[in-house]
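Undergrad: These protein sequence lines are chains A and B, in that order.
The first sequence begins at 1 in the numbering used here and counts up by one.
The second sequence begins at 1 in the numbering used here and counts up by one.
Be careful, since some hints might not be right.
As the list claims (entries may be wrong) - In silico EDC-like pairs for lysine to aspartate or glutamate, Cα to Cα no more than 20 Å straight-line:
no. : chain 1 : residue 1 : chain 2 : residue 2
1   : B       : Lys293    : B       : Asp311
2   : B       : Lys308    : A       : Glu174
3   : A       : Lys203    : B       : Asp306
4   : B       : Lys101    : B       : Glu111
5   : B       : Lys308    : A       : Asp223
6   : B       : Lys314    : B       : Glu272
7   : A       : Lys203    : B       : Asp284
8   : A       : Lys295    : A       : Asp223
9   : A       : Lys153    : A       : Glu167
10  : A       : Lys295    : B       : Glu177
11  : B       : Lys308    : B       : Glu272
12  : A       : Lys325    : B       : Glu222
13  : B       : Lys308    : A       : Glu220
14  : A       : Lys245    : A       : Asp258
15  : B       : Lys54     : B       : Asp20
16  : B       : Lys179    : A       : Asp311
17  : A       : Lys295    : B       : Asp173
18  : B       : Lys169    : A       : Glu59
19  : A       : Lys295    : A       : Glu282
20  : B       : Lys308    : A       : Asp181
21  : A       : Lys94     : A       : Asp125
Unchecked claim - Per the computed footprint, the stretches of chain B lying under chain A, defined by three or more beta-carbons under 8 Å from a beta-carbon of chain A, are:
no. : region
22  : 176-187
23  : 218-227
24  : 269-283
None of these hints come from the bench; they were simulated from the model.
All residues carry an ideal CB built from backbone N, CA and C; glycine is no exception.
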Amino acid sequence: MAQIRIESVRKDFGSFNAVKSSTFTIEDGEFFMLLGPSGCGKTTTLRMMAGLELPTSGEIYIDGEEVSQKPASQRDIAFVFQMFALYPHMNVGKNISYPLLCQGMPKAQVRKKVGEIAEILGITDILKKPVGGLSGGDRQRVALGRAIVRDPKAFFMDEPLGALDAEFREHMSEELRNLHDRMNATTVYVTHDQLEAMQMGDKIVVMNHGSVEQFGVPQEIYDWPATKFVAQFIGSPCMNFLDFKGKVAGGQVSVQLDNAVLNMPELLDGASGDLTFGVRPEHVHLDDAAPYRGKVVATEYLGTTQIITLDTPNGQIKAREDSLKNVAVGEQIGLRFDARTVTIFDASTGRALRSHANQGVLSHG
Amino acid sequence: MAEVTLTNVSKSFGEDVALDDVTMTVPDGSFVVLLGPTGAGKTTTLRMVSGLDKPDKGGITIGGRDMAGMTPAQRDVTMVFQQYSLYPHLTVRQNLEFPLKSPILRTPQPEIDRKVNEVAEVLQISHKLDNKATALSGGEMQRVSIGRALVRQPSVYLMDEPLSSLDAKLRSDLRIELKGIQANSGATLLYVTHDQIEAMTMATHVGVLDNGKLVQFGTPRELYENPVSVYAASRLGQPRINVLPADIFGGAPGAATHIGLRPEQILQGDGEDSTVHRVEHLGDQTRLHLSFKSHDLITVTDAHTDLKAGDIVKIRPHEALYFGADGARVA
Numbered sequence: 001m002a003q004i005r006i007e008s009v010r011k012d013f014g015s016f017n018a019v020k021s022s023t024f025t026i027e028d029g030e031f032f033m034l035l036g037p038s039g040c041g042k043t044t045t046l047r048m049m050a051g052l053e054l055p056t057s058g059e060i061y062i063d064g065e066e067v068s069q070k071p072a073s074q075r076d077i078a079f080v081f082q083m084f085a086l087y088p089h090m091n092v093g094k095n096i097s098y099p100l101l102c103q104g105m106p107k108a109q110v111r112k113k114v115g116e117i118a119e120i121l122g123i124t125d126i127l128k129k130p131v132g133g134l135s136g137g138d139r140q141r142v143a144l145g146r147a148i149v150r151d152p153k154a155f156f157m158d159e160p161l162g163a164l165d166a167e168f169r170e171h172m173s174e175e176l177r178n179l180h181d182r183m184n185a186t187t188v189y190v191t192h193d194q195l196e197a198m199q200m201g202d203k204i205v206v207m208n209h210g211s212v213e214q215f216g217v218p219q220e221i222y223d224w225p226a227t228k229f230v231a232q233f234i235g236s237p238c239m240n241f242l243d244f245k246g247k248v249a250g251g252q253v254s255v256q257l258d259n260a261v262l263n264m265p266e267l268l269d270g271a272s273g274d275l276t277f278g279v280r281p282e283h284v285h286l287d288d289a290a291p292y293r294g295k296v297v298a299t300e301y302l303g304t305t306q307i308i309t310l311d312t313p314n315g316q317i318k319a320r321e322d323s324l325k326n327v328a329v330g331e332q333i334g335l336r337f338d339a340r341t342v343t344i345f346d347a348s349t350g351r352a353l354r355s356h357a358n359q360g361v362l363s364h365g
Numbered sequence: 001m002a003e004v005t006l007t008n009v010s011k012s013f014g015e016d017v018a019l020d021d022v023t024m025t026v027p028d029g030s031f032v033v034l035l036g037p038t039g040a041g042k043t044t045t046l047r048m049v050s051g052l053d054k055p056d057k058g059g060i061t062i063g064g065r066d067m068a069g070m071t072p073a074q075r076d077v078t079m080v081f082q083q084y085s086l087y088p089h090l091t092v093r094q095n096l097e098f099p100l101k102s103p104i105l106r107t108p109q110p111e112i113d114r115k116v117n118e119v120a121e122v123l124q125i126s127h128k129l130d131n132k133a134t135a136l137s138g139g140e141m142q143r144v145s146i147g148r149a150l151v152r153q154p155s156v157y158l159m160d161e162p163l164s165s166l167d168a169k170l171r172s173d174l175r176i177e178l179k180g181i182q183a184n185s186g187a188t189l190l191y192v193t194h195d196q197i198e199a200m201t202m203a204t205h206v207g208v209l210d211n212g213k214l215v216q217f218g219t220p221r222e223l224y225e226n227p228v229s230v231y232a233a234s235r236l237g238q239p240r241i242n243v244l245p246a247d248i249f250g251g252a253p254g255a256a257t258h259i260g261l262r263p264e265q266i267l268q269g270d271g272e273d274s275t276v277h278r279v280e281h282l283g284d285q286t287r288l289h290l291s292f293k294s295h296d297l298i299t300v301t302d303a304h305t306d307l308k309a310g311d312i313v314k315i316r317p318h319e320a321l322y323f324g325a326d327g328a329r330v331a
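Using the sequences plus the hints, can you model the full thing?
TA: So this is what it looks like as structure tokens:
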């Protein structure tokens with residue numbers, strides 16, 4: 001297994017720039033997520049790592065070796081596609097052993113290896129079955145088995161669960177992650193689903209318009225987004241933005257919005273003009289004593305919690321509260337924000353201002 | 001607006017029983033969501049009410065009138081399909097106006113304009129009103145097809161997964177809008193989805209379908225807190241309810257074979273030892289995958305927990321649900 005390093009990688013298709021200078025490192029044994037909306041360049045990035053596309057410029061290192069201009073066959077990686085293709089005329093065991101027989105491995109050794117893999121995947125009892133009659137889950141396990149059996153340096157997966165329904169998807173994502181924990185294989189996984197990325201990933205790269213917006217562990221990205229894009233893309237509901245005009249300076253610990261003083265972590269950077277006060281829904285609390293007011297627009301029941309949508313002088317926001325709390329639509333109510341969790345953004349660049357709270361995360365992202 | 005009733009409705013397609021003796025009342029002015037996995041009979045129910053299919057047995061009324069033998073047009077319903085169908089040669093505005101221009105309605109033009117602009121505003125497509133319908137993205141086309149239903153005021157709106165093709169942000173905006181439109185206009189709305197968030201957040205009543213049978217009908221809160229079976233309990237709640245052998249913690253009622261524990265029904269810090277097997281930080285909460293007496297279960301904990309794989313957590317049940325051998329709730 002291997003470390004993968006991406007340095008200043010860029011990809012142009014004709015005059016279209018799909019990936020701008022991307023740099024990040026995937027450590028040995030990590031489960032690594034490439035996350036972003038469609039068209040953000042995540043699949044192109046994965047295909048360049050795999051050797052299915054060649055970068056226009058930049059370097060890709062797998063296990064210290066520069067491979068950016070090498071074909072896929074010389075990179076020793078395994079690619080699992082969204083639509084897994086199996087050899088329909090072979091049984092399960094033959095499908096899995098095929099890559100090894102192609103490499104010229106002795107038969108006895110192949111049998112042993114296939115047996116081990118089948119054990120890991122829990123498909124020992126179907127090795128003799130034709131692939132035709134298999135369930136979706138078993139087909140996926142066989143496809144994985146065929147990828148794993150070669151002991152590649154890394155696994156690349158492009159939305160492998162995209163086509164599955166919600167229930168089965170949940171089950172397979174857990175199984176994939178458990179498999180990874182048993183084998184500790186470096187895995188790079190592309191998805192547009194932020195929950196899937198948070199759930200499965202050790203680290204996440206968030207991409208947008210061909211650029212890396214942020215790179216780090218899921219909880220840090222959630223707590224301290226580097227940009228407004230990340231703040232909105234991660235979390236459901238996403239981070240609230242209270243837009244205001246004004247000026248802030250390093251050392252400042254509060255801002256004034258609609259005649260209320262709102263506290264925040266001490267800023268290190270200053271900015272002026274269009275600014276945004278960012279706070280996550282679970283850090284917005286309904287509190288009659290608070291001077292900042294909002295009007296309840298809607299409430300949405302979610303079992304243990306409810307989402308309350310409010311109109312404020314600085315835009316619409318959402319709060320997550322206990323579902324036992326009685327809230328009526330139309331009610332005017334005070335809003336308190338957990339000051340320790342606030343991020344201030346410069347709205348003109350979309351970037352977060354550094355503060356005492358987020359500087360650690362932003363300096364390595 | 002009108003009440004809709006189904007009485008002992010059954011429908012088969014060849015060997016397949018799509019609906020099995022369904023009796024249900026959609027109250028006047030309610031937002032009823034039919035919830036169930038693929039093949040449960042949700043869409044078939046909608047098609048029966050709309051008149052696109054006829055029941056093999058049983059009767060349907062809308063506003064007290066028996067619908068037997070009535071065509072879809074005579075029933076005064078509008079239906080939004082999962083697959084949008086627009087008039088490709090018309091603009092967005094013309095598509096939206098079309099239902100109002102029907103010779104039966106004779107709506108005056110200023111009224112049409114007002115209605116169309118209002119609906120376009122709600123659905124965030126005002127800026128596309130003069131585009132050709134074919135020059136829209138999939139999500140925009142779906143919004144126009146919802147809009148075409150909303151410009152009218154039928155007895156009942158019927159909607160079949162109208163939001164499933166939209167992106168997450170738009171879906172969450174439209175959930176609130178649809179619910180608001182329904183609540184303010186007093187419209188009766190029958191809505192089909194397999195998305196539990198849509199069911200919980202929008203519905204006044206949820207009907208849970210299982211293989212053509214209506215197994216529970218009630219408010220989202222009743223369904224969540226008081227499910228009639230393992231199946232019904234598994235429809236709502238993320239992460240899903242944990243189902244374990246009844247006696248695993250002791251103290252189960254006699255008839256129970258299984259105990260059902262939603263994540264919040266597992267108290268931490270007290271009780272018996274379980275091993276943390278995996279920790280998932282989702283941002284606003286953290287999911288704990290626990291091993292307990294060789295069973296797996298999932299609960300949630302504080303977002304910034306220090307727990308990690310291998311740690312021991314004491315757990316005990318709190319206000320658990322109990323189920324019998326056939327899956328039915330016993331306590």
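Undergrad: Give a verdict on every hint.
TA: Okay, the hints, checked on the actual structure:
Straight-line distance between C-alpha atoms of Lys293 of chain B and Asp311 of chain B comes to about 15 Å, which keeps the hinted pair within the 20 Å bound. Simply put, Lys308 of chain B and Glu174 of chain A have alpha-carbon atoms about 17 Å apart, close enough for the 20 Å limit, and the pair holds. Of the supplied pair hints, the one linking Lys203 of chain A and Asp306 of chain B holds, its CA atoms being roughly 18 Å apart against a limit of 20 Å. Simply put, Lys101 of chain B and Glu111 of chain B have alpha-carbon atoms about 11 Å apart, close enough for the 20 Å limit, and the pair holds.
Of the pairs offered as hints, the one joining Lys308 of chain B and Asp223 of chain A holds, with about 19 Å between alpha carbons and a cut-off of 20 Å not exceeded. Between Lys314 of chain B and Glu272 of chain B the CA atoms are separated by roughly 5 Å; this keeps the pair inside 20 Å, and the hint holds. Our distance criterion of 20 Å between C-alpha atoms is met by Lys203 of chain A and Asp284 of chain B, whose separation comes to about 17 Å. Using a Cα cut-off of 20 Å, the hinted pair Lys295 of chain A and Asp223 of chain A is violated, with the two alpha carbons roughly 26 Å apart.
Proposed proximity of Lys153 of chain A and Glu167 of chain A is contradicted: the alpha carbons are some 31 Å apart, above 20 Å. Simply put, Lys295 of chain A and Glu177 of chain B have alpha-carbon atoms about 16 Å apart, close enough for the 20 Å limit, and the pair holds. Distance check on the hinted pair: Lys308 of chain B and Glu272 of chain B sit about 18 Å apart at the alpha-carbon level, within 20 Å; holds. Restraint check: the Cα-Cα separation between Lys325 of chain A and Glu222 of chain B comes to about 17 Å, which is no more than 20 Å; the hinted pair holds.
Of the pairs offered as hints, the one joining Lys308 of chain B and Glu220 of chain A holds, with about 16 Å between alpha carbons and a cut-off of 20 Å not exceeded. Straight-line distance between C-alpha atoms of Lys245 of chain A and Asp258 of chain A comes to about 11 Å, which keeps the hinted pair within the 20 Å bound. Among the hinted pairs, Lys54 of chain B with Asp20 of chain B is consistent with the structure: their alpha-carbon atoms are about 14 Å apart, no more than 20 Å. For a cut-off of 20 Å, the pair hint linking Lys179 of chain B to Asp311 of chain A stands: about 17 Å separates their Cα positions.
In summary, the hint linking Lys295 of chain A to Asp173 of chain B is supported, as the alpha carbons are separated by about 17 Å, within the 20 Å threshold. Between Lys169 of chain B and Glu59 of chain A, the direct Cα distance comes to roughly 36 Å. Violation of the 20 Å bound is thereby established for this hinted pair. Distance check on the hinted pair: Lys295 of chain A and Glu282 of chain A sit about 17 Å apart at the alpha-carbon level, within 20 Å; holds. Note on Lys308 of chain B and Asp181 of chain A: the hinted pairing holds, with a Cα-Cα distance of about 14 Å set against a maximum of 20 Å.
Distance hint between Lys94 of chain A and Asp125 of chain A is fulfilled; the C-alpha atoms sit about 14 Å from each other, no more than 20 Å. With a cut-off of 8 Å between beta carbons, the region 176-187 of chain B has 3 residues touching chain A; three or more are needed, and the interface restraint holds. Residues of the region 218-227 of chain B with a Cβ under 8 Å from some Cβ of chain A number 3, which satisfies the need for three, so the listed coverage holds. A stretch counts as covered by a chain when three or more of its residues have a beta carbon under 8 Å from one of that chain; for the region 269-283 of chain B and chain A the count is 5, and the coverage holds.
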